[in-house]
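**Student:** Here is how the chains run, residue by residue.
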Amino acid sequence: MSFAANLILASVRMAVPLLFIALAELYSERAGMVNIGLEGLAAIGSLVGFLVCFITGSAWLGILAGAVAALAVNMIYAFATVTLCANQIVYGMAINIFAPALASFIYRVYFGSGSELSQITLMSGIGIPGLKDIPFLGDLLFNQTPMVYLAYLLVIVTVIYFGKTRSGLNFKSVGEHPKAAATLGIPVIRVKYIACMLCGALAGIGGAYLTTCYANTYTEGNVAGRGFIALAAVIFGRWTGGGILLACLFFGFCDALQIRLQVANFGLPYQFFQMIPYIATVVVLSLIGSKKAGPRAGGQPYRREER
Amino acid sequence: MKKLIALLLAAVMLLGLAACAAKTDTAASAPAASASAAASTPAASTSAAASAAAASGDLTGTKDFKVAMICDSSISDGGWGMACYNAMVDACKKTGWSYEVTDSIDQSAYYESIVAYCSLGYNLIYAPGNQYTDAVLQAADEYPDIAFALLNGGEDTPAKAANKNVTSLLPNAQQIGWIAGSLAGLMTQSNTIAFIGGMELDTTLGKYKGYTEAAQFVGKAEGKDIKVLDPVYAGSFSATDKGIEFAKAMIDQGADVFFGDASAVDSGARQAIDEANKAAGSVKIYDIGQPSDLLGQNECVICSQVTDNSSLVALSMDAVEKGTFGGEVIYGTLQNGVLSAGKMNDLIPADVQTKYLDYIDQMTKETFMK
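Top line first, the protein sequences correspond to chains A and B.
Read in order, the letters of the first sequence correspond to residues 4 to 310 in my numbering.
Read in order, the letters of the second sequence correspond to residues 18 to 387 in my numbering.
Source of the hints: derived by calculation from the structure; they are not laboratory data.
Quantities reported herein were computed from a predicted structural model and do not represent experimental measurements.
Honestly, I wouldn't trust all of these hints.
[Claimed, not checked] Listed next, the stretches of chain A that the computed footprint assigns to chain B, with coverage defined by at least 3 CB atoms under 8 Å from CB atoms of chain B:
| no. | stretch |
| --- | --- |
| 1 | 158–171 |
| 2 | 197–203 |
| 3 | 209–219 |
[Claimed, not checked] Some chain B residues close to chain A (C-beta under 10 Å, calculated; not the full set):
| no. | residue |
| --- | --- |
| 4 | S90 |
| 5 | D123 |
| 6 | L246 |
| 7 | S253 |
| 8 | G260 |
| 9 | S280 |
| 10 | E292 |
| 11 | A293 |
| 12 | A297 |
| 13 | S299 |
| 14 | G359 |
| 15 | M361 |
| 16 | D363 |
Using N, Cα and C, we set each Cβ at its ideal position, and we do this for glycine too.
Given only the sequences and the hints, what does the whole structure look like? Please build it.
**Tutor:** Printed below as a string of structure tokens:
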């Protein structure tokens, strides 16, 4: 395959975990819940996913367990910010510090002080008969793990849900103007809790993807900033499912590009290539501009009794 | 009431952080107990970290000497961290010392972790990597009575310590590169070989240089014109995903023998090589492990370059006991037995194994490439 085709395949590989985590943030922010704790949620999802896959041998159970674990951790955030109206940024950051530490703790408790490398069997890819043999597109779209198909599907579902369904519009109204939503009989608190549950589960799936579908070992710090990049992807994607897909593919592309260019070696210092993702981010940010497009009530606590 | 609950939640989180954040392990205590006894994190103050570590367990060594290791990668990374940790444990078994480790720490926590152990009165701080040099020198200046062993430290580093309490343990990077490069030169079929680095350290560059010159020298003797792809750097020792992507990209460039100096990044590369071999239906792309014998860990590993760091650490411990520690460079070479080639598997044909062992013999006798 050509350099370009391999590059695009690598971009997709690197974009998928990011996509799950960014969609997690989208659901959260659409209900007015700015959750910067994605890094921590993905970290706990990654560890629990690995651990369950290691014990049971099932990557699917690993994914499920990762989702449940991150959902549970995110309930701390939900309770503090929705019920107690605490500051969302502070609690998001607390999750970012707490959850990776908890993941390290659980790993060390389970695996003890041993220094053996623990490896699992990754989720197998499923090729769609007939379609997978199409040159290039077959590998890109129809010869992946089921989680990649799920990510694609999730984007479509998200676009339809927020754009075409009454429930989706109700959900968005909570993030735009919760008091108005409440006067229309929309259960604001319940929607916010559901958003937090979806956010936790999806971020956990994104983390678990790293250890059950991508790398067959667990390394502390393996989320490697994806939780923060996902936050940027939501902004780049203008809080839409399609936009987030493009943003995640863009970030995945930049990372894959710097790796491929380092290997191809054009006689330039490798540091130059390592700068690419950061330069691209700055350039795109300047092109996107600062026009406010996010939910208007994002980050604001909702107090039912308050005027 | 709500504020009170919020405060309580915050307190629970902070306590959780203090209890869980750092990963320590003592020779004596159970894993759960040792993990709860955090040594230090960027968030934890030195004094708090020190008192936590002090409570971490009884000493098991037969002597009243203690060594503490810090490591930025995990001790279960299947590579560098694992080998260095095992080296310390083995050395302690030989010498009767007690040990403790803090792993997976950020660069910002190097110094804090070291001084946490210093304040607890550890006799020796074992820092396995060139990247700890600045933190070690700073701590060595403040704790003149404590010995610091810097694995892969610079040749000039001990002289920079005013208190003469720093020793560099320096496995010969060129010989490490030779051990891997000569086998790569013999085994490559595509005549393209690869090297993956974690960070651009002097020792990494030394290994790459040795790897390149040995592969090309051996390749020439075999009638091959060997291309060594330029070294690539993940910018980290824990980015397994980068290792996967680097290996895939290098395989696309035709590389069929890999060597690395990148800890968990290497583990990712081996995963990608195994996947490529599986897709091809046979093992045609190989990896040379390091720094311990990794034969059997992955299908693609055909041999390892082995560094017996435990001998170097034991020498440091011996010097501390005798009061002669510091201000020197202890070299690890093929000649003194610290460096060696590990076991080989059947993927290396018998005649190639014989040739390879002959090259290793030449290196030991210092006649290689002469």
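**Student:** Taking the numbered hints from earlier one at a time, note which ones the structure violates and give those numbers from smallest to largest.
**Tutor:** 1, 2, 11, 12, 13, 14, 15 and 16
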